[in-house]
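Undergrad: Construct all of the structure, not just a fragment, from the sequences and the given hints.
So the sequence lines, in the order shown, correspond to chains A and B. By the numbering used here, the letter at position 244 of the first sequence is numbered 244, and the numbering carries on one by one without gaps. By the numbering used here, the letter at position 61 of the second sequence is numbered 61, and the numbering carries on one by one without gaps.
Watch out, some of these pointers could steer you wrong.
Stated by the list, open to error - Okay, the calculated bits of chain B under chain A, using three or more residues with CB under 8 Å as the criterion:
no., segment
1, 135-144
2, 157-167
What the hints assert, rightly or not - If you want the ones that stay clear, here's a sample from chain A, every Cβ over 12 Å from chain B, calculated:
no., residue
3, GLY5
4, LEU21
5, ALA65
6, LYS86
7, ARG157
8, GLN163
9, GLU256
10, GLU257
11, VAL262
12, LEU272
Claimed, not checked - Have a look at the derived ranges for each label pair, beta carbon to beta carbon:
no., chain 1, residue 1, chain 2, residue 2, range
13, B, GLU109, A, SER70, 49 to 59 Å
14, A, ILE150, B, ASP133, 23 to 33 Å
15, B, HIS112, A, PHE224, 45 to 55 Å
16, B, ASP60, A, PHE224, 48 to 58 Å
17, A, VAL249, B, ASP60, 42 to 52 Å
18, B, ASP133, A, GLN53, 26 to 36 Å
19, B, ASN177, A, GLN53, 57 to 67 Å
Keep in mind the hints are simulated off the structure, nothing from the lab. Every residue, glycine too, gets a C-beta built ideally from N, C-alpha and C.
These are the residues of each chain, in order.
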Amino acid sequence: MALRGNLRDFTITQLLNLINLAHKTGALVVEGPSQTARVAFREGKLAYAQVDQEDSSLATVLHKAKRLNSGQFRSIQQRAAHISDKELGLLLINAGYLSQDDILLNLQQHYSDIVQRLFTWVEGFFHFDIDFLPPDERICVRMDLENLIIEGSRQLREWEQLQDEIPSLDMSLKFTDRPGANLRNINLNVEEWRVVSYINPRNTIRQIASTTKMNDLEIRRIVFGLLQAGLIEITRSESAAPQVPTVRVFPTEDKEEQKSLVNRLINRIRSL
Amino acid sequence: MQTVKMVVTGPFNAGKTEFIRSVSEIDVVSTERKISSATERKMKEATTVAMDFGRITVDDDLVLYLFGTPGQRRFDFMWEILSEGMLGFIVMVDSSRPETFREARSILETFHAYAPTPYVVAANKQDMKDAWDIEDMRHVLRLDSSIKLLSCVAHDRSSVKAILLELLYSILAKMENGE
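TA: So this is what it looks like as structure tokens:
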């Protein structure tokens, strides 16, 4: 069923991971702000990739990779424009100019470059088209996604690390108790000073972000920097409700009575 | 009278209130108020601010309470309070709104950190045409195969019963394993 959504909610890395784990066949269509990419997969492996009408022909790929010089490229375009990539590949192999591995490696590099470009797309929509087939004249590869996912993960790491360090924006900040420290001697940029000016246990990080018009990533970066510098620490918001005393899960400590109680619950729910 | 409680949590508009309403023998005590944000208002007229509260009487001596948490992050100070003493919890996920999956994962982790009690994940709104496949949701929510991810339609009582039973079976299994 529907595998579609918004890039703000799903990263390309997450989508590749899903395609990889689910061994999906079809094409991930990503509509960015100015371009649309189609990345085809066969049983969870990268097969083909194309961005809009960019030339993904074998001759162009080999020319960009400097495996064909400009003269050879022009010659192929003039004399062999009508033949498919598969035929051109065979001609190049039979002429002893390139090996099959050379061709496949260059295509793999080209397709993975396209996927890596997608990692920088943070706005747009995606859907998975199970009916999409790469053009007949193109050569498909069979490429594991793990390395691409790792690369995408590297880019996500900063964001995730920040989320780990600052898991909730509903906490507050307070200055550390360091009598020797003098804030006026510390070099902070304008954005950091704006945040510092709102640090108070009564203000949550989210409220500070809202007031200073920063997004989640920006406020987390600044707060993380201030935390690392030892200037501030995270504290529970003073506006949060007080905690109630610990409540027991079961009204009895006896294990057999607890099991009996759960069985009574099961029987009651069944009878509803 | 002995009482036990379960918590129904999940992102905004995941169907928590409806879930409790489907099985509660009392009208759900819902502390709802008008929604303040324009985007949220488009989706729901009112939302749960503090909690929903439903009840199932088991017998003369035992009552099960169902607590629904507020879905919006700005009320998450209530979560820890509600999680105190829970027998287990249910994470509701709207299968047709993938933009909430990450939030659902985060809520799951938060509740699991509060109390390592058994839980199940309910893929709600599976009757909608835009609903994601359960297995796709499992991948995206990063749930391993040992975690119960169950199809759910919160307005269907039998579906809600099935979810509650699966949670109770998990609780029983954990007790029988001596955990």
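Undergrad: Give a verdict on every hint.
TA: Evaluated hints:
Coverage of the segment 135-144 of chain B by chain A holds [criterion: at least 3 residues with CB-CB distance below 8 Å; count 4]. Counting residues of the segment 157-167 of chain B whose CB falls under 8 Å from any CB of chain A gives 4; the rule of at least 3 is met. Once the 12 Å rule is applied to beta carbons, A:GLY5 is inconsistent with being away from chain B; the minimum gap is 4 Å. With a least CB separation of 5 Å from chain B, A:LEU21 falls inside the 12 Å interface cut-off, contrary to its annotation.
Once the 12 Å rule is applied to beta carbons, A:ALA65 is consistent with being away from chain B; the minimum gap is 34 Å. A cut-off of 12 Å between C-beta atoms confirms that A:LYS86 is not in contact with chain B; the least separation is 33 Å. With a minimum CB-CB distance of about 16 Å to chain B, A:ARG157 clears the 12 Å threshold, and the non-interface call stands. With a least CB separation of 9 Å from chain B, A:GLN163 falls inside the 12 Å interface cut-off, contrary to its annotation.
At the 12 Å boundary, the C-beta of A:GLU256 falls inside the reach of chain B, the nearest C-beta of that chain being 10 Å off. The Cβ of A:GLU257 sits about 10 Å from the closest Cβ of chain B, inside the 12 Å cut-off, so the non-interface label is violated. A Cβ of chain B approaches the Cβ of A:VAL262 within 12 Å, the least distance being about 5 Å, so the stated non-interface status is violated. Residue-level check failed: A:LEU272 sits 5 Å from the nearest beta carbon of chain B, not beyond 12 Å.
B:GLU109 and A:SER70 have their C-beta atoms about 55 Å apart, which keeps the hinted 49 to 59 Å range intact. The hinted window of 23 to 33 Å between A:ILE150 and B:ASP133 holds, with their beta carbons roughly 26 Å apart. Between B:HIS112 and A:PHE224 the beta carbon distance is about 24 Å. The supplied range of 45 to 55 Å is therefore violated. At about 55 Å, the beta-carbon gap between B:ASP60 and A:PHE224 stays in the expected band of 48 to 58 Å.
About 21 Å separates the C-beta atoms of A:VAL249 and B:ASP60, a value inconsistent with the hinted range of 42 to 52 Å. A hinted range of 26 to 36 Å for the beta carbons of B:ASP133 and A:GLN53 is consistent with their spacing of about 32 Å. Look at B:ASN177 against A:GLN53: about 59 Å separates their beta carbons, and that is inside 57 to 67 Å.
In this structure, the hints that do not hold are numbers 3, 4, 8, 9, 10, 11, 12, 15, 17, in rising order.
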